[in-house]
Amino acid sequence: MSAAPGHVVAEPAGGPLRASESPLQQAWRMLRRDRLAMAGLAVLALLAVAAGAGKVLTEWYVVFDPAAVRLPEKLRAPLSVADAERVAPEDLPALGIYLLGTDELGRDVFARMLQGSFVSLSIGFVAVGISVAIGILIGGLSGYYGNVKLGFITVDTLLMRFTDVMLSFPTFFLILTVVALLPPSIYNIMIVIGVTSWMGTARLVRGEFLSLREQDFVVAAQALGLPERRIIFRHMVPNAIAPVLVSATIGVASAILTESALSFLGFGVQPPDATWGNILADGRSFIFDAPWLFFVPGAAILVVVLAFNLLGEGLREALNPKLRSR
Amino acid sequence: MSGRWARGAWAVGAGLALLAGLAWLVGPSSALLLAAGLAAIGGVSWLPGRAVRVVGAALLAGTLFACGRGGLDAGPAAALALGVAALAARLLPVAALRRLAFAIPSLVLLVFVTTLLMYEAPGNPFAQERVASPQVEEALRAQYGVPRSGTAFFAVYMKRLLLDGSLGPAIKVQGRGVVDLLAPAVPISMALGLLALIIAVALGLLLGIRAGLRPQSAADYGSMGLAMLGISLPNFVIGAALMIVFALQLGWLPVAGWGGYAHLWLPAVTLALPYAAYIARLARSGTIEVMQQDFIRTARAKGLPERSVVLKHALKGALLPVVSFLGPAAAGILTGSFVVETLFGIPGMGQWFVKGALNRDYSVVLGTALFYATLITVFNLLVDLAYGWLDPRAVSEP
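Listed in order, the protein sequences are those of chains W and F. The opening position of the first sequence corresponds to residue 1 in our numbering, with each subsequent residue numbered one higher. The opening position of the second sequence corresponds to residue 327 in our numbering, with each subsequent residue numbered one higher.
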């Protein structure tokens, strides 16, 4: 029943049996055949490059200046050529073209999008990192030490009840409440999204651990007298990680969506810093006069979230040994 | 055996460390109260059946009394609450009462945690006022029932809620109670949420079941492609696109703002699309699974037309995963309506929450939070009941 890719004896499926192939290579081969997932991966690779370039080119070697205000050049359409007579030479955009237009203060939307891609992506990854860490900790404790009694209750009941309480609160509302009341900063948003979204991971890990605990290789490891730390982290976590990876991939997408929704309501990252969410929120007032202000970040969010979701679906298929026979 | 002791010591140590961390964050008394509240809620699982009847009914009576006090005097409210609670204790199954005994303290805990957060947050409702002297501020605090400590505020708030059924005066809106303030917004938000939920379920089931009946067909790929797109599109982008197409280009529906329930269509569709997409995917996998069951083969073998095979036999099974998603979906739609209400300028509950949070209007924030949490709890309860009806194998009492 378990979905433990490490312990599936290679099935004669999805091509000829290759004796020397590790489960990881097998999964990668599965994934490579999934064209949509590979498209997602390509988009994400591109995005990673853009985010890195964004950090470098907008903050360290300022080629694209996201903060330069050029009031005479406000609300120019995408691809319009900058007017050198109305703008100070040091404020001219790179190449003299506003690739994605300018906003109501004449700031270069392309530069702001570049800066925002780093912020949005790092919020997604850090938030999911936090939630996966908490999820593995709680799910693992609950699954491995589930039977240990603490006085009159077991560890499993205690932790899972707590998870149920957390699950019964609507997450976005919780995030909104906390973020609305805390001073707005990127770090608070990352932490809050992470701390309120670990419940799914915890349940997955618990389920995996419950079935792994009974399997022969774990019993053997225990019989050999390996320390528990080693059993858990070297033997069980790697075998439980596949579904976590899938849900984490999709989790990054939803964290990016959550951040943009928060910024949209005005509780997100505050103005001088650009994120896709607050570029979009600024653009809302000009949706009829300057639709690119709204649809450029909107389309970016769509493409990135779609890429993460497609990759997640692909991983789900590739890492699930039960589906290998197709 | 020393391993077990060491483990126990670790667990106790971790618990104490957590408690100490909490105490450092919110103060020792609040931390203890919080831990006690969590323990009380957790403890409900071990209560024996008879105790659950008493506790559940008592909690229900308290809640009903508070609700009744909104419109009645103390006497009739008490009579009503006691009567209904006594009936409930007799008639409701233990499982339902256990859910009540779990849900009502959870709501109280929600109020407590929100209070602590509000008091931890910088600023307070009187910070922007032109409060000349500390005496004036004290007088204002006394008038609105906002003491300086979070636990004291919680005590005042709960006492007012339980005895008078009142959500308190709105601090930033002169001379009006939170209930008066929220009352006009509730039907609007509820209509929006309900319409969105209906659209999501209808659209999702239609697409999902059609796709699931013919997997790998063009209809399947088309619906699932649409669903993937729907899941990935942020609400506000759908909303803006719909606004431009239907309101501005075609002129069929009003753009934004408020002027009657015709204004609800676009926001409701906006709100519904992502959930319709989720539901379509769930309904598809549910249908595929059901269609492989033996009883479907039997139904076909006895010569039933395909139509009634699907409608009478398969539908119930296909609905199962959808029904269990309805609870989270309703919660998501309700809170998602904050964004959509802001985008379309609809005077619903969302705007009061956002305003309240920005103004540090403690009573308004708590009032909206409590309202949403209650609604979601009730809805989850209904969903559980529906689930038990659809799938008798699911035993609700652990």
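Just so you know, the hints here were simulated from the structure itself, not pulled from any lab data. Keep in mind the model is a prediction, meaning the values are calculated, not measured. Treat the hints loosely; a few may be bogus.
Stated by the list, open to error - Covered, in the sense of this in silico footprint (three residues per stretch, anywhere, with C-beta under 8 Å from a C-beta of chain W), are these stretches of chain F: (1) 363-371; (2) 388-395; (3) 514-528; (4) 663-677; (5) 689-698.
By construction, the Cβ of each residue, glycine as well, lies at the ideal position given by its N, Cα and C atoms.
Cβ contact check, 8 Å cutoff: the segment 663-677 of chain F against chain W, three residues minimum: Coverage by chain W holds here, the residue count being 4 at a Cβ distance below 8 Å.
8 Å C-beta test of the segment 363-371 of chain F against chain W, three or more residues: With 4 residues closer than 8 Å to chain W, the segment 363-371 of chain F meets the three-residue bar; holds.
Coverage of the segment 388-395 of chain F by chain W, judged on three or more residues with CB within 8 Å: violated (count 0)
Verdict on chain W covering the segment 689-698 of chain F, where coverage means 3 or more residues with a C-beta closer than 8 Å: holds (count 3)
Within 8 Å of chain W (C-beta), three or more residues of the segment 514-528 of chain F: With 0 residues close enough to chain W, the hint is violated.
Violated hints, in rising order: 2 and 3; the structure is consistent with all others.
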